[in-house]
Amino acid sequence: MHLTAPVLLSAVLAGIGAYGVLARRNAVLVLIGVELLLSSANVLLVAMSTQERPYVLSETTSVAMYGGQVMTIFIITLAAAEIVVALAIVLAMFRVIGHIDVTAAPEGEIEPATDEPVAAAASAGDPGSPAQGVSGP
Amino acid sequence: MALSLLLVPPLIGGVLLLLVLRGTPARLCGAVAALAAALSLVGAVLVSTGRPRIDTAWVPSLGLRWSFAVDGIAIPLILLTAALTLLVVLHSRGVEPPGGTPATFYGAILLTSFGALATFTVRDAIGFYIAFELVLVPMWVLIGRFGDEHAPAAVRTDAANRFLLFTVTGSAFLLVGLILLVTLTGTSNLDQLAAAAGSSLSHGQQVLLAVLLVAGMAIKVPLWPVHTWLPPAHSTAPTAGSVLLAAILLKMGTYGLVRVAIPVVPDGFATIAPYLAVLAVVGIIWAGLACLVERDLKRLVAYSSVAHMGFVVLGLSSGTQTGMQAALFGNIAHGVVSGLLFMVVGRLKSQWHTADLESVPRALRELSPRYGFALVVGFAAALGLPGLIGFWGEVLSVYSAWTAAASRPSGLFQVCAVVAAIGMALAAGYSLRVLRQVWAGEAASTEGSAADPARDVSGVEWAVVAAMVAAIVLGGLLPAPVLATTGDDVARLLTASSTAGGMP
Amino acid sequence: MSVSVDFVVLLGVLAPLVGALVVLVADVIWPRQQRLPYVLAFVSLLVAVWAPYQALAQGRGDTTSTLCLPSQPTAVCLYSVSSASALLQVVAILGAFLALLLAWPSEEHTPADRTSVMVMLVLAATGGAVGVAGAHDIASWIIALEIATVPIIVLVALPGTKAALSGAVQLLTTSLISVGLLALAAAMWFVATGSLLISADTVLRSAASGPTRALLTLSVVLFLAGIGFKLSLAPFHAWTPTAYAGAPLPIATFLSGVSKVAALAALIVIIQALSSLGAAGVAAVAVLSVLSMTLGNLVALRQNDVVRLLAWSTIAQAGWIALPLVSPSSAATRAAVVYLSAYVVATVLAFSVVVAVVARYGQVRSGAAAQIPGAGIADLSGGLASGRMIGSYSGLLRRSAFLGGGLALALTSLAGIPPGLLGLVAKVGALRPVLAEGWWVLAVLVAVNVVLGVAVYFRWFRVLLADDPAGFTPGPERAHPSVALAVAIGSALLLVLSVMPAWLTNLLG
Amino acid sequence: MTSSTASTFAQLLVAVPVLAAVVSLILARSAPGASRAVSAVTAVLGFLVSVGLLVNVPAEGFAAATTVGPLQVGELKVPLELLVDRPFAVVALAVAFVVACIQLYSVWYMATDPRGAVFQAIVSMFGAAMLLVVLSGDLLLTLIGWEVMGWGSYLLIGHHTFRRSARRAAMKAFLLTRFADIGFVLGIVALAAQTGTTRLAVIFEHFGEGAAAPTAALVLMLIGIAGKSGLIPFHDWLPDAMEGPTPASALIHGATMVAAGTVVVGRLFPLYAESTDARLVLAVLAAATTVYTAVMAFTQNDVKKLLAYSTMSQVALMLGALAAAPAEEHGAAGLDHLVSHAVFKALLFLGAGWLAAIGGGTAFALLRGRMKGWGVLPVSFGLGLAALAGIPPTIGFVSKDGVVAAAREGTTTGAHIVLYATYLTVFLTAMYATRAYLVLVSGDPEEPDHHDDSHTPPPTGSSYTLVAGVIGTLGLLSLVGGAAFLVQGAHIDPTVAAVSVGIALLGVLVSWALSRRPGGDPATVLSESWARATQVNLGTDRVYAGFAAGVVALARVVVRLDNAVVDALPRGLASGATATGGAADRAHRGVPSTGLLAVLSGGLIVLVLGVALWR
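Chains as they are written, first to last, in the working numbering: chain A, 174 to 310; chain B, 307 to 810; chain C, 104 to 612; chain D, 31 to 645.
Chain A with its partners taken away, still in its complex shape:
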């Protein structure tokens, strides 16, 4: 059986998924990207488990044969669990923060980095002035 088509499909899925993860700012779209990545892996696994290869030792052939398919089911389960958690958090994020832009600057930073004149590498937090560098929020 020719594996060209499934492998190509897998590659395309992986590419789209990677693009979605890296380029999208909307959390839901990022999630979809991840799903695509996982699907790409699934396609590859399933396709490959149809192949019996000569170098696979006979004792473990059955494991190898079914392993790919079992792994696929594992990954689907995993994806489901991840998505549940992810969606829950995205919802909470929308409710509390008001947007679902995953690349926005994180909220709740306690203090920004301050530029301190220092002679040696580690003289911030000078005991003489413990309040140094404490400027907000």
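Just so you know, these hints were derived from the structure itself, not from any lab.
Every residue gets a Cβ at the ideal spot worked out from N, C-alpha and C, and that includes glycine.
Treat the hints with caution; some may be incorrect.
With the C-beta cut set under 10 Å, the calculated list includes, among others, these residues of chain C facing chain B [what the hints assert, rightly or not]:
no., residue
1, ALA311
2, PRO314
3, ALA438
4, ALA504
5, ALA511
6, GLY519
7, VAL531
8, ARG535
9, VAL537
10, LEU538
11, VAL553
12, GLY556
13, LEU611
With the Cβ distance kept under 10 Å, some of the chain C side facing chain D (calculated, not the full set) [unchecked claim]:
no., residue
14, VAL125
15, GLN137
16, LEU139
17, HIS340
18, THR345
19, THR397
20, VAL402
21, GLN406
22, ARG411
23, TRP415
24, LEU555
25, ALA558
26, ALA595
Rough simulated footprint, nothing fancy, chain C against chain A, three-plus residues with beta-carbon under 8 Å [unchecked claim]:
no., segment
27, 211-219
28, 259-269
Chain A is already provided as a structure; the job is to place chains B, C and D on it using the hints.
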């Protein structure tokens, strides 16, 4: 047993002071510290005669061992360390350490002493590194926490950080070098390593190891141009800290060269020795010149330390037994001399509230004759006056450079000898400069022409200072005991390296 | 086909997971209990530690296996615990235990209905972490790894504040990407080896021919990237500071301890399989390791929030943890495990002290606010009063030798300077495999990072020695008993292992 | 008498003053009287010991003695032994004698000085150091004595520490000699390096067996010797050293420091005899110095300064004799002149101290005619000046005749130079000696415009007896001591003697004739500006000051470099680290998706590395 007596009292005493006796008054803390230091000194005397050895496994998976032994090379340093610790503790008596509790102060002194003693006795390469690092935190605390209270916090912090980071940089290279050494040779026993003298290593490996190890030690020594941590550290540290730093900590670097670098990778060391010698003499001249214009008395003594350690390194790099003997003697000499100078200068600084040579009171010989006497002896020894302890190390290391080993470029080393001799003249220049400013002169105040006993040294402190003066004079008049103690082991080390080493 | 199952061996995984279930069930029966979930959790952790304890106790270098398939010539086991992985499991369980101890007093801050959830999630993640260490096939490996990860995301998000959610989202995004990469890696692995087993045999076989070797390389690279996320190796570290800063302190503790164990365990499983191939495959580890160290240390130098400082220090330490793995020897694995153990003990100890100090500042702040309405708060506003700013630790050593000493010990251990000898020994161990491979240039770069690390940790240490903060004297520190217990356990471990590091290293043979 | 007795005496001769110095230094503050008594008594004791040494020393060959035991410093053997033979036993006797005189004299002179006890203790130390140089049989031992003497001179010259000029002079003396000692040390090192030992006997043997003469080492040592002996170009510290109390001047000039160079060259004469080149250098330096300083001496307006220049001139003569003498002579002429010079120069200085007590200062203006009426003083002082001028039958005549004879017998170029320089010097010396005598016995003194507390009142009563005794003894010795040399085997060649005496008498006559002019001072014949220039040694001090300023300027550059260059790297690294850290921190906080970009780049790095390296 004797080794335990040497090492355990400072450790236990230090830990006890830091953890249990935190709130106790200075007098009690001082007494505890003095007791621990005295016990340790007894131990030092015992190990000097008995030369015991301990060797048990510690971390087998890394090949780390509790391996301690004593030989002639270490004995003078052990005695110096133990004795100076006791003297420093006694000298600090009755002074409320500024900036922190007395318990911390004395605890840090004891732990520093413990680290130094461990360094001088340990015989395991990795153990050497650990011992080498032990002194870091206590000394850092002494400088940063108990430093000159007149200096701004930022200056203290800068000095303490410089000390810490410079030294750690050195020891990080040292660590890499030691581990590489251990992995290449398969043993971490320094005696075995010295006996093998690098015979299992190729020339390239030896050079690499020598560079790493020497780079690590050089910062501690300190060698030009990595000396810039020393003056701030000294000018900030309390008297006790300065004494320990100059007299003991710097010695760990040169001792490390003698113990870990020279015998273990003789071939590699021979390759870099010319560079080392050049750096050493540059340091001699450089620091000597800096002393001619330095205004802060403590910084001046610190720079003079750089110059003196230059002589030590010059002797070591010559590759001759004379050179190594001279270096080991110079080590001790500098320990005693700089110890005395820092004791005197530190106390004067706290009395004057300044160490600026342009504004200190004049005519110490009139106002405080005992301090004046100690200062004269100290600086006379610092300029290498014969009859005092500083002479032998310097003149012999010049000799050793002139007659450097056959594996060294003799022309270069003779030039180094000439330059080092010029450095001796510079030492005279700065020593006399100080004496002229501080010791000689006319008392400025009208009532001050007569000595004021209250401002002079007395009691226990005078006993301590007098003991140091006596050591300087005795060491100058009778150098034979020290030289004889180190002689055999130096010969053994160098013989091993000349028979086994050099053949990749 | 029959699979042998030895439940005693699996106890390390099963006990926390069962414990998690029991906590949930108990919550249904007796809702809103404050103490019960903790008690159940402690019990299940105690049970769980039995299995790796057995593995460690029975002998050096032996492996305990279960879930074995009867195949020839040797049985293939899906779950096997070597002494190294047993130690990792112990550390994970210990970390979870200490994190729970730290969470114990915070009941007034955590809504009661969330206590069980929190405890359950901690238990679940612990089970996952323990499982990763034993997994020897990709399926259970990836599942265990995700069990160790997903609950942590929830844990970070649990307080529901903006900061918490920001952290959680960062963590979520990265762990999702990580999952994607790992899944792809798993698929590649399967393509290359034709097997889901992670073993030296399969690797050797697939490396024999060119095309599969390339696939295997790609797979390993993807694995490395995926685990890089979990281990906070630069450049996969970006989530770490935000997640740490946003999470409740006990959870940050958990994150810095247990999740690192899981990640390292996962990495070791892969690297061990690769060991048959020789050295070159792990050049990428070297790069990631040095990059993490350098970046982590440099940024940590500038942190004034101690939690962020610890977060960046974690990134740096992750570099150290991965460092020995440049060498594919078993000694290198042991070194990594020892380093991780030293790191976890020290970091958890540091976090414990932070928890104590933050709690103390909280009391002072509310007390001051009660006494002088309108005054006091103004001075105490900002980070200083929260106990999370580095300045809040001013004079801690003098106020409390216990907390200050514990923190000092932890910091020196992380820096690798005596008296923190355990850290020093661990660093020596971590450098040895590097130099045994002859990579002395790498070692010199690492040496530079030793210096940077000292600068980082001593910057904090120095504050401990300083005077009390200006205009604000918090008085003597008194920690909550459970936090004090955590500090005591951490300090005692660190002290004892500093004097006798052999007790730790000997466990690995 | 056996040589072991001589060894014991040699050891004692060094040990007694060393112990005396230690004891009297310890007592100096608590019991000054006892301390000074110790110094004086031990000095006399030391003289007796030196007599014992001379009696016991073998007539031929050496006697060796250990000191603090031999040192084996790696490859280098340092026996630290004393070596004594007859000529040096004589020198030791002279040294011990002069030291004893000075100690006794100091009991009076330093009576009112609060730190007199310390002063005398240092004199003991100084004497010990000089005796060490004289008796040393080991190069390092020589160096020890040599340097300790330098330090002693620092302490003695700077005794009046409240005077700025004294502080400066002390520092100048020590620094200048120490600077010159760079050569001395290197010379010693180079000599020892060839044999692996610092033992003189071995070194003589080594080079006696035909090894090439160590010219470089010998010339290096000459630098140090030139420094201590005030040869050109180190000829400016001795006049300044007059800031020290007069006994110190007598000590430094009479028998010790300045003469130490002669002792060392005399000791190493077997080596110098081998090296014509080194001796030529010495001859040129000595000849130039002896003439130059004699010229300078003539116009000095201070009796101590005149004596200082005369010392340099005479010491250069000794060295000239050593440079010129034929190898068989063993340098006896130079050593003889050292001994005679020790006697008459100590006499002159101690007399000058007495004069200063009378006149309230040492300037000729204060002292005109002051010498009259002080009994033994004018006679002795006159005898001392006669000896300086080499008038028969004084001790100076005999020894100077030896110098001339040695130069005449020498066949080298150096010997010729020395000979003519000696004749010239004899003439000049006679001139300024005559001038000094004439000025001191005639005319009316000025009153000192201020009374300096540091000057001691003239001796009275028992102290008069003491001082007059010391001075008288020295005067008597100056007159008849020359006989000692004749006893030792020196002989006077009538022709040689006639020529040099003739030249000396010519000088006396010229000086006397000039003093007939108005003003009575022969020196006024020279122009005022010349006189002024000679007071400051033709501005040599400025050259030194310029050199020192150069060194200090270099030091300032070094300090600046230390801060700006050497320390810049660590500072830069530190600030670079913090800056990078801050930038990275900001990158992680502000800009969106930095994290993801990092992830992307990281993935690429890992990919490339993985694929590239695993292949």
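Cross-check of the supplied hints:
Residue-level restraint check for ALA311(C) is violated (minimum Cβ-Cβ distance to chain B is 31 Å; threshold 10 Å). With a cut of 10 Å, the hint placing PRO314(C) at the interface with chain B is violated, because the nearest CB-to-CB distance is about 37 Å. Annotation: ALA438(C) was flagged as interfacial toward chain B, and the flag holds, the nearest CB pair being 9 Å apart, inside 10 Å. The beta carbon of ALA504(C) is positioned within 10 Å of a beta carbon in chain B (closest approach about 6 Å), and the interface hint is therefore held.
Hint on ALA511(C) holds. Least Cβ distance to chain B is approximately 9 Å, under the 10 Å limit. Taken as an interface hint, GLY519(C) checks out: its beta carbon lies about 8 Å from the nearest beta carbon of chain B, inside 10 Å. Here the hint on VAL531(C) is kept, as its CB sits about 6 Å from the closest CB of chain B, short of 10 Å. Among the interface hints, the one on ARG535(C) holds; its C-beta lies about 6 Å from the nearest C-beta in chain B, closer than the 10 Å criterion.
The interface hint given for VAL537(C) is met, as the beta carbon of that residue sits about 8 Å from the closest beta carbon of chain B, less than 10 Å. Restraint check, LEU538(C) versus chain B: the minimum CB separation of about 5 Å is within 10 Å; hint holds. Because the smallest distance between the Cβ of VAL553(C) and any Cβ of chain B comes to about 4 Å, under 10 Å, the interface hint for this residue holds. Evaluation of the GLY556(C) hint against chain B yields a held restraint, the C-beta minimum of about 9 Å falling below 10 Å.
With 10 Å as the threshold, the beta carbon of LEU611(C) comes within range of chain B, its nearest partner Cβ sitting at about 7 Å, so the hint holds. A cut of 10 Å between beta carbons decides the hint on VAL125(C): the least distance to chain D is about 38 Å, and the hint is violated. Restraint check, GLN137(C) versus chain D: the minimum CB separation of about 37 Å is more than 10 Å; hint violated. Taking 10 Å as the C-beta contact cut-off toward chain D, the hint placing LEU139(C) at the interface is violated, the least distance being around 40 Å.
Because the closest C-beta pair between HIS340(C) and chain D is about 8 Å apart, less than 10 Å, the hint holds. Checking THR345(C) against chain D by beta carbon gives a least distance of about 8 Å; that is within 10 Å, so the hint holds. The criterion of a C-beta within 10 Å of any C-beta in chain D is met by THR397(C), whose closest approach is roughly 9 Å, and the hint holds. Taking 10 Å as the C-beta contact cut-off toward chain D, the hint placing VAL402(C) at the interface holds, the least distance being around 5 Å.
This hint holds: GLN406(C) has a C-beta 7 Å from the nearest C-beta of chain D, less than the 10 Å allowed. For ARG411(C), the interface hint holds, since its Cβ comes within 10 Å of a Cβ in chain D; the closest pair sits about 9 Å apart. With 10 Å as the threshold, the beta carbon of TRP415(C) comes within range of chain D, its nearest partner Cβ sitting at about 8 Å, so the hint holds. Hint on LEU555(C) holds. Least Cβ distance to chain D is approximately 7 Å, under the 10 Å limit.
Proximity of ALA558(C) to chain D holds as hinted, the smallest CB-CB distance being about 7 Å (cut-off 10 Å). Using the Cβ-Cβ criterion of 10 Å, the hint placing ALA595(C) at the interface with chain D is not satisfied: the shortest such distance is roughly 34 Å. Coverage of the segment 211-219 of chain A by chain C holds [criterion: at least 3 residues with CB-CB distance below 8 Å; count 6]. Using a Cβ-Cβ cut-off of 8 Å, 7 residues of the segment 259-269 of chain A lie near chain C, which meets the minimum of three, so the contact claim holds.
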